[in-house]
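According to the numbering used here, the sequence shown holds residues 88 to 808 in order.
Treat each hint with caution, since some may be false.
What the hints assert, rightly or not - Computed list of lysine-lysine pairs in BS3-like fashion (alpha-carbon distance at most 25 Å, straight line): (1) Lys598 - Lys302; (2) Lys580 - Lys151; (3) Lys580 - Lys424; (4) Lys424 - Lys438; (5) Lys793 - Lys580; (6) Lys553 - Lys360; (7) Lys302 - Lys422; (8) Lys438 - Lys422; (9) Lys645 - Lys200; (10) Lys598 - Lys580; (11) Lys531 - Lys148.
Claimed, not checked - Here are the in silico distance ranges between beta carbons for each label pair: (12) Asn245 - Phe291: 32 to 42 Å; (13) Pro417 - Arg594: 23 to 33 Å; (14) Arg449 - Tyr494: 23 to 33 Å; (15) Asn245 - Arg365: 48 to 58 Å; (16) Asp285 - Lys572: 32 to 42 Å; (17) Gly319 - Gln483: 21 to 31 Å; (18) Glu443 - Arg365: 55 to 65 Å; (19) Ile799 - Gln483: 38 to 48 Å; (20) Gly319 - Asp285: 20 to 30 Å.
These are computed hints drawn from the structure, not numbers from a lab.
We treat Cβ as the ideally placed atom computed from N, Cα and C, and that holds for glycine.
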Amino acid sequence: MATVYAAVTSLMGTIQLISQSTSDLQEDHKEHLKLLYDKVGSMLEFLDTNSNNEPMKDLLKQVKDVAHKVEDEVESHIQREAQKKLLKMLQRVFHLPTNAHSRLLMILQRAIKDIDSVNKELMKLRENNMRAGNCSLGASTSSQSNALTLENEMVGYNIEQELMLGQLRGHSSQLEVISIFGMGGIGKSTFAKRIFFDPSIVSFFDVRAWIVVSKDYSIRRMLLSLLQDAIGVDEEADKKSDGEQPNRLQKSDGELEDGLQKIDDALADRLQKSLKGRRYLIVVDDIWSTEAWDEIKLWFPDNSNRSRILLTTRDMNVAQYASFPNDPFPMRLLKPKESWHLFCQKAFGKKGCPTEVENVARVVIENCQGLPLIISVVAGTLSSKRTLDAWREVAQSVSSLVNLDDYERCSGVLSLSYSYLPSHLKACFLYFGVFPKASEISVKKLIRLWVAEGLLELKGLEELEKLGSSLLHDLIDKSLVVVSKRSLDGKTKTCRIHDLLHDLCLREAEKENLLYVVNPSIAKGHRTVFPKGRQWVSLHSARGFSSPFRFGDLTHSKTRSLHISFTKSIDYLALRLNHFKLLRVLDLEKVGFHNLPREIVHLVSLRYLAMIVRTIPKDLPISKLWNLQTFVFPQYFPNTCHTIYLSNEIWEMSQLRHLHSSKIYLNSPPKVSANEVKYRVLENLQSVYGLSPCCCTKEIFEGIKKVKKLGIFGKNDEYDG
88 MATVYAAVTS LMGTIQLISQ STSDLQEDHK EHLKLLYDKV GSMLEFLDTN
138 SNNEPMKDLL KQVKDVAHKV EDEVESHIQR EAQKKLLKML QRVFHLPTNA
188 HSRLLMILQR AIKDIDSVNK ELMKLRENNM RAGNCSLGAS TSSQSNALTL
238 ENEMVGYNIE QELMLGQLRG HSSQLEVISI FGMGGIGKST FAKRIFFDPS
288 IVSFFDVRAW IVVSKDYSIR RMLLSLLQDA IGVDEEADKK SDGEQPNRLQ
338 KSDGELEDGL QKIDDALADR LQKSLKGRRY LIVVDDIWST EAWDEIKLWF
388 PDNSNRSRIL LTTRDMNVAQ YASFPNDPFP MRLLKPKESW HLFCQKAFGK
438 KGCPTEVENV ARVVIENCQG LPLIISVVAG TLSSKRTLDA WREVAQSVSS
488 LVNLDDYERC SGVLSLSYSY LPSHLKACFL YFGVFPKASE ISVKKLIRLW
538 VAEGLLELKG LEELEKLGSS LLHDLIDKSL VVVSKRSLDG KTKTCRIHDL
588 LHDLCLREAE KENLLYVVNP SIAKGHRTVF PKGRQWVSLH SARGFSSPFR
638 FGDLTHSKTR SLHISFTKSI DYLALRLNHF KLLRVLDLEK VGFHNLPREI
688 VHLVSLRYLA MIVRTIPKDL PISKLWNLQT FVFPQYFPNT CHTIYLSNEI
738 WEMSQLRHLH SSKIYLNSPP KVSANEVKYR VLENLQSVYG LSPCCCTKEI
788 FEGIKKVKKL GIFGKNDEYD G
C-alpha cells in the first residue's frame with residue numbers, strides 16, 4: 088500500500104515540526120512526543136516486508152489508519168486551539184490553558200498505546216515470514232550515473248533513422264508533414280527525440296521546436312512553448328496572459344472567453360511572424376485527433392524553404408490525415424536482439440548481464456514482446472533486485488500477462504513494476520497524478536510539494552531537498568520518470584512521465600482512495616460533487632471545463648492538498664477555503680486574486696501556498712501560517728508590476744524555506760531584544776526571488792543570511808546608490 092509509508096513519515100514529520108516549533112511545551116508533552124516519534128519510526132522497517140499475504144495487508148492497513156488518525160487528532164487539536172485563542176505568535180501554540188494541555192496529553196498517550204499494539208502484531212508476522220536460502224546477486228546493479236547517460240538513448244531503428252533523416256533534409260522546398268504512428272509505449276517520442284537532437288538536423292534547421300499535445304491540450308501553453316523555442320520568449324508571457332484572471336470575477340463568461348481568445352490569436356500571430364522566412368522543424372508530439380491538427384497547422388507558414396513538421400500519434404487515421412505528401416511512418420516493435428540490448432543497457436549499464444540471471448532475463452525479454460517502454464520499466468524494476476528468487480518472481484508475473492492484448496499487457500506490466508517499488512517511492516510516484524497529463528514538471532516544485540505533503544522521511548530540514556532529488560533519480564533509474572530539461576550544470580530541471588504511467592498513477596491512487604481528479608467530460612454541465620476522504624484533490628486544465636463545483640464537509644475534513652491548474656474563471660468563495668482545516672498544500676499557481684484571501688490565514692497547517700495576487704493586505708496576520716515552507720505569489724504583469732509590501736510578521740514564520748514573487752519589499756527584521764544589536768534570522772530560508780533593490784540593506788541580509796539563492800528585481804534607477 089503506497090500510502091502506508093507516506094502516512095508514517097508524514098506523522099513523524101508532524102511530530103518533529105511541533106517539537107521544534109514550540110518552546111512552551113510542558114515536559115511531559117516533550118517526553119511523550121519523543122516516545123511517540125520513536126515508536127512510529129520503528130514501524131518503517133516493516134513496510135518493505137512481503138505484503139502479499141492477507142495478514143500483512145490487514146496489518147499495513149492498520150498502520151496507515153492509526154497514523155492518519157493520530158495525525159488528524161494532533162493537527163485538529165492545534166488548529167482548534169489556535170483559532171480559539173487567536174494567538175499573535177503561533178510558535179506559542181501550546182501556551183494554552185491546562186485543559187487544552189490535558190487533551191493533547193491524552194491524544195499522545197492513546198496514540199502510543201495504539202502503535203504499541205500494531206507493532207507487536209508486526210513483530211509476530213515478521214518472525215513468521217522470515218525466509219532463508221536466497222542466492223545473492225551482489226550489490227545493486229542500478230546506479231544514478233546511468234540516468235545521465237542512458238535516459239534518452241534508443242536501441243535499434245538505425246535504418247529507420249537514416250531514412251527519416253533523409254526525408255527531413257530532402258530537396259523538396261514545400262512544407263512537409265511526416266507522421267509517426269504506433270501504440271503507446273512503442274517508442275515514438277523517443278525516436279522523434281533522437282532525430283530532433285541529431286547533429287545533422289541541428290545544423291540544417293534555423294529553428295527547432297517541440298510541443299506535446301496530448302488528449303486534453305492547451306492552445307496557449309503550446310503557443311508559448313513554441314515561442315520559447317523559436318524566439319526565446321519565457322514564461323512571463325504566460326503569467327501576463329494569466330494576469331487577466333483577477334478581473335475575471337467581475338466579467339461574464341462570454342467576455343472572459345473573448346479576452347482569452349484574443350490572447351491566443353496574438354500569440355499565434357507572433358509565432359507565424361517569428362517563423363516567416365526561417366527554415367524550421369516542429370515536432371508535434373502525441374496528437375490524438377484530426378480536430379487538434381486542424382487548429383495547430385494554421386500556425387505554420389509554408390516558406391518554400393524545406394521546413395518540416397514531424398508528428399507522432401497513436402491513431403493511424405490522424406497520421407494519414409496530417410501526412411503530406413508521403414505516407415505515414417509506422418513504428419515497429421523491437422527485434423529480439425534489439426530487445427536484449429535495450430534490457431541489458433537499462434538493467435546493468437556497461438556491466439553486462441550476470442550469467443546466473445541470464446536465462447531468467449531472456450524469458451522476461453521474450454514476454455515483453457518487443458515493446459520498449461515495457462522492457463525499460465521491467466529492467467528498471469529488476470535492476471535493484473538482489474536475489475535470483477526475486478528475479479524469478481518478476482519473470483513469472485510478466486509471463487502471466489503474455490496472452491492479454493497489447494494495451495492490457497502493457498498496463499499489467501506497468502502495474503507490476505509499480506507494485507515492486509520500495510515503499511518510500513510509491514507515494515512519491517503516485518503524486519505525479521496531481522499534475523495534468525503530458526505536463527513538463529519543475530523538479531524544484533515537485534520536491535517542495537513532496538516535502539510539504541510529508542512524503543519524505545524527515546532527517547533534518549537541510550537534507551530534505553537532497554533526499555527528494557535522490558528519490559527522483561531512483562524513479563528515473565527505474566525508467567518510470569523521464570528527464571525533460573537539464574540546467575547548465577547538468578542537474579535535472581524538468582521531468583515528465585509517459586501517458587500510460589500517468590494512467591497508472593490515477594488508477595492506483597484511486598484504489599488507495601488517495602487522489603481525486605475532476606473529469607471534465609463527465610462533469611460538464613453538471614454540478615461536481617467530490618468523493619469523500621481523498622487526501623489529494625486536483626482540477627486539471629481541460630478544454631470545455633465550465634461546470635460549477637462544490638466541496639462537501641467530509642471532503643474538507645480529509646483533504647490535505649488542493650491543486651487547480653486551469654486558467655478559467657474561479658470564484659474563490661466556492662472553494663470555501665476556510666473549511667479546509669487540515670490543508671497542507673494550496674497550489675493555485677495559475678489562479679489570480681486581487682488580494683490574498685483572508686481565509687488563508689486560518690489554514691494553520693498550510694506548508695505550500697502558490698497563487699497569483701496583486702497585494703497582500705498589511706493587516707493580514709500571515710504569521711498565523713506558522714507551518715508555511717513555500718510561499719509563491721507572482722503578480723499579474725511581471726513587466727509592469729508594482730511592489731508587494733510584506734509586514735514584519737514575515738520574520739515570525741520560522742519554517743519558511745522559499746519566498747518567491749515578482750517584486751517584494753521586506754522591512755528590516757526586528758531585533759532579538761531591545762538591548763541587543765542582533766536581528767531575528769529566518770534560519771530555514773533557502774531561496775528568495777523578486778527582492779526589491781530598495782530594501783537590500785545590511786539588516787535585511789543579516790535576517791536572510793542562510794539563503795543560498797537570491798533573486799533581486801528592479802528597474803535600473805532602483806540600483807543607484
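Verification of the supplied hints:
1. Lys598 - Lys302: holds, 23 Å
2. Lys580 - Lys151: violated, 33 Å
3. Lys580 - Lys424: violated, 34 Å
4. Lys424 - Lys438: holds, 17 Å
5. Lys793 - Lys580: The given pair, whose Cα atoms are some 23 Å apart, holds under the 25 Å limit.
6. Lys553 - Lys360: violated, 44 Å
7. Lys302 - Lys422: Violated, at roughly 30 Å.
8. Lys438 - Lys422: holds, 22 Å
9. Lys645 - Lys200: Holds: Lys645 and Lys200 sit about 24 Å apart, inside 25 Å.
10. Lys598 - Lys580: Judged against 25 Å, a Cα distance of about 31 Å means the pair is violated.
11. Lys531 - Lys148: violated, 32 Å
12. Asn245 - Phe291: 32 to 42 Å: Between Asn245 and Phe291, where Cβ atoms are some 20 Å apart, the hint is violated.
13. Pro417 - Arg594: 23 to 33 Å: holds, 29 Å
14. Arg449 - Tyr494: 23 to 33 Å: The hinted range 23 to 33 Å holds for Arg449 and Tyr494, with Cβ atoms some 25 Å apart.
15. Asn245 - Arg365: 48 to 58 Å: Given about 30 Å between the Cβ atoms, the range is violated.
16. Asp285 - Lys572: 32 to 42 Å: violated, 18 Å
17. Gly319 - Gln483: 21 to 31 Å: Violated: the Cβ-Cβ distance is about 52 Å, outside 21 to 31 Å.
18. Glu443 - Arg365: 55 to 65 Å: holds, 56 Å
19. Ile799 - Gln483: 38 to 48 Å: Hint violated: Cβ distance 59 Å, outside 38 to 48 Å.
20. Gly319 - Asp285: 20 to 30 Å: 22 Å Cβ-Cβ, so the 20 to 30 Å window holds.
Checked against the numbered hints above, the structure violates hints 2, 3, 6, 7, 10, 11, 12, 15, 16, 17 and 19; every other hint is satisfied.
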